[in-house]
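Residue numbers (the numbering used here), protein chains in the order written: chain V, 191 to 652; chain R, 462 to 800.
Since the hints were derived computationally from the structure, they do not count as laboratory data.
Careful, some of the hints might be misleading.
[To be verified] Some chain V residues close to chain R (C-beta under 7 angstroms, calculated; not the full set):
1. V200
2. A203
3. A208
4. S589
5. N593
6. A594
7. I595
[Said to hold, decoys possible] Not close to chain R: a few residues of chain V, all C-beta gaps over 10 angstroms, as computed:
8. S195
9. N216
10. I219
11. H338
12. Q361
13. V483
14. T559
15. I590
16. L599
17. Y625
18. L638
Predicted model, so just to flag it, every value in this text is computed and none were measured.
Virtual Cβ for every residue (Gly too), placed ideally from N, Cα, C.
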Amino acid sequence: MLFNSLQFLVFFAFVISAFYALPHKNRWILLLLSSCYFYMAFIPQYILILFAVILIDYVCAFLIHKATGVKRKAFLLLSLMANLGILVYFKYYNFFLDNLSLLLSHFNIHNPLPYLDVILPIGLSFHTFQAMSYTIEVYRGAQKPERHLGIYALYVLYFPQLVAGPIERPQNLLHQLSAKIPYSVLNLRKGLLLMAWGFFKKAVIADRLAEIADNSFNFWWQQSTSTMWLGVLFYSIQIYCDFSGYSDIAIGAAKTMGVDLMENFKNPYLSTSLSEFWRRWHISLSTWFKDYVYIPLGGSRKGALKFCVNILVVFLLSGLWHGARYTFLIWALIHALFLLLEHFFHEQEAPSEFFGKVIRIVYVFFISTIAWIFFRSQSLLQAKEIIYKLAIPNEGPSSIPFNAIELTLCFILIAVLLIFETRVKSYNVKNRANYLGLLWSLIFICYLLGIYNYKQFIYFQF
Amino acid sequence: MKRISLYLFSVGCLAVYVLSLNTGFMEWWADFRTYTLHTPYAKARYGDLYSNCYLPGYTDTNYIPLKKFGTGDEVDLYILHDSYLEGKVKKENFKDLHDLILLNYSTDKSVLRLDKKHKNVLIIESAERNAPWRMTDTVILYKKLLGEGPKNNSFHNKNKETEWKKLFFNPNINQNLEFSLYDYEYFIPIKEIKAAMNYHLFNRLPKDISLSADNNYLLLSETVDPSSLSSSFRPLDAGYILKTMEIMKKVCEHFKKLGFKEVYFSIIPNTATLVNSKRMGYNLKIPTIEGLSDTSVHFISVYNEFMHCPAKIFRRDDTHWNGYGLQLWVNQVNHTIAK
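Let the sequences and hints guide you as you build the complete structure.
Right, dumping it as structure tokens:
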């Protein structure tokens with residue numbers, strides 16, 4: 191079920207009205223059933239995978255809590271292996287087999303194992319990491335095991351953030367799911383406004399820019415240098431609007447029910463260093479890797495070499511998290527490399543003067559845009575050819591699918607995004623007239639300018 | 462009071478959602494809206510192309526009724542047809558028929574029972590964009606009309622599984638919800654504003670809609686785009702056309718063995734063929750196929766008549782012909798049967 195669809199709007203209208211109609215003690219049933227239905231709308235059978243993992247983690251959490259010594263670690267490993275096992279099976283088996291086959295072909299061994307022909311469960315990487323954070327926090331003693339199986343299941347399945355995050359922590363989310371939440375008109379207003387803003391970013395900006403980006407990336411050999419640059423730059427904006435738009439809808443939907451999810455984006459393209467970029471982009475994932483991989487590995491506390499290795503490991507895992515393709519690894523490697531360069535040249539801190547800040551913002555945007563080329567490309571060869579096209583001027587005939595007016599509109603929308611992104615999120619919703627004016631304006635603009643070809647959110651594929 | 466309102470609203474939303482999952486209910490609802498409430502959906506009131514784009518100024522609600530004739534004793538006419546004839550013709554629109562049996566390509570009902578006391582005539586009709594493959598797909602033709610062909614249990618079981626899933630996860634739910642909530646006359650002005658803005662400012666139309674060269678007609682993009690198999694402007698594959706004729710001969714022989722006295726094929730031109738051919742270079746699919754006919758393969762052709770007719774044959778807002786175009790085709794059928 192896509193957020194940008196009539197199906198979701200009607201589904202959500204039902205859930206939110208039933209949520210406040212029902213007494214508190216029954217709300218978790220409604221949310222759990224709705225979340226199950228939401229997930230099953232993609233591929234119904236895959237809910238069984240989630241049920242199995244929920245049961246394993248639920249039991250393991252109690253066993254970890256009660257056990258001592260080596261047994262605690264064993265139960266934690268059992269839980270992690272169950273989660274990661276499913277992730278590896280669906281997402282990485284064919285990738286590993288490709289590499290194994292390539293290696294064995296040098297020894298004249300072909301087709302060592304059969305390939306899997308399965309569809310990746312939607313949002314697999316997201317709910318797997320969220321589930322793992324629960325048992326890890328129980329192991330660390332920072333979270334008590336949740337006694338109520340339904341509430342724990344809801345923690346994993348909660349539909350606003352089930353398929354594309356934010357990747358929540360049990361300390362933040364679990365208690366909210368069982369708390370008695372009174373109706374708050376301010377929560378409802380904030381939530382609906384955030385959802386409307388998210389729809390605007392997705393339907394009006396992201397899906398519009400996607401037409402030029404897709405044209406450039408899918409037919410890169412037909413592009414001139416300028417149209418290729420346009421496609422690449424628009425992709426940077428597209429992926430931001432697409433993913434942050436989803437996050438806004440997810441956070442807004444939860445907010446209408448009085449649940450506060452963590453912020454996932456904080457104007458990352460206004461960062462003045464890549465270190466800062468990763469504190470502002472997909473915050474839930476970067477903090478997950480920081481807390482559960484980088485810091486346990488030693489972080490920056492064990493010397494320069496270990497620090498470099500830790501950064502590389504974290505970013506390579508992050509690349510792999512996004513997909514089983516070398517292009518994702520190169521994307522991650524680019525970020526890691528520049529992050530390390532910034533660290534060793536002491537360039538993480540923002541300059542104080544305005545002009546310096548602007549230069550740094552452009553630098554971060556440029557590096558991340560180049561890295562996005564690998565993220566978006568289907569192969570290293572395609573990425574390489576696109577970079578050649580960008581670097582070596584070639585103004586042969588090419589066309590973009592927009593006329594001049596729509597192209598101008600794209601730049602206006604990007605300016606609107608820059609100006610209003612923070613303002614909408616911090617908007618004072620107490621004034622009813624102003625709030626309704628802004629909300630209905632957004633809804634009207636979404637209708638008038640929205641592109642509704644039911645394009646899936648980019649991060650659903652992860 | 463607030464709680465009751467919330468309960469009622471949530472039950473209302475759930476009802477709309479659940480009913481939109483049910484295909485049977487949606488079909489009933491469409492008929493109820495059209496014939497009882499007189500609030501037909503856009504596709505019923507206006508054309509299928511208009512209801513995909515809502516471009517203002519392209520509606521065409523002229524209704525031209527078909528002529529009526531008397532019945533006869535001799536001829537049973539069977540027509541395997543597509544949407545061009547669906548719900549549009551009756552026995553009395555043809556001359557001197559004893560019976561008219563209509564079968565749609567997409568229907569599950571099939572199996573003819575020929576009455577050999579009468580002269581049985583079969584017409585296999587198709588729009589140009591689906592010709593000739595639809596009319597030479599012997600799996601469909603023989604299975605639908607005669608119930609021939611292997612019974613495929615796994616296919617049948619997969620259908621059951623699909624039907625079960627549709628109860629809860631209907632893939633058409635978005636269209637059904639749009640139909641239930643948004644497909645009403647009073648929403649058309651706002652839809653037209655959006656369409657006009659997108660077209661006049663951004664030159665945007667939905668991907669499956671194009672405008673004719675003279676901007677007078679809405680066209681199905683696949684009939685215009687030369688890369689599409691359905692296009693009037695895609696170069697013909699001569700080998701494929703010859704193979705088509707061989708299959709058509711075999712189809713005619715097969716049905717004649719079963720009791721049909723006469724078997725005809727009839728291809729209805731695309732709108733794009735009529736209105737865009739001068740600007741774009743029509744691939745001459747229809748005259749090429751019809752030109753290969755011989756003593757064993759016969760056509761009921763409207764190509765020349767349509768191409769040279771000064772009146773409008775097709776609707777501006779729809780992929781289909783208007784009443785005048787249909788009348789011309791019926792006239793041709795009557796003329797052929799009478800021979």
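Now the hints, each set against the structure:
1. V200: holds, 5 angstroms
2. A203: holds, 5 angstroms
3. A208: holds, 4 angstroms
4. S589: violated, 12 angstroms
5. N593: holds, 5 angstroms
6. A594: Because about 10 angstroms separates V/A594 from the closest Cβ in chain R, which is outside the 7 angstroms limit, the hint is violated.
7. I595: With Cβ-Cβ at 5 angstroms, under 7 angstroms, it holds.
8. S195: violated, 5 angstroms
9. N216: holds, 12 angstroms
10. I219: Given a closest Cβ separation of 14 angstroms, the condition holds.
11. H338: Correct as stated: the minimum Cβ-Cβ distance to chain R is 24 angstroms, above 10 angstroms.
12. Q361: Consistent with the label, V/Q361 stays out of reach of chain R, its closest Cβ about 31 angstroms off (over 10 angstroms).
13. V483: holds, 37 angstroms
14. T559: holds, 25 angstroms
15. I590: Non-interface label stands for V/I590: nearest chain R Cβ at 12 angstroms, farther than 10 angstroms.
16. L599: violated, 7 angstroms
17. Y625: Given that every Cβ of chain R is farther than 10 angstroms from that of V/Y625, nearest at about 20 angstroms, it holds.
18. L638: Per Cβ check, V/L638 is inside 10 angstroms of chain R; nearest 5 angstroms; violated.
Of the numbered hints stated above, those contradicted by the structure are hints 4, 6, 8, 16 and 18, listed in ascending order.
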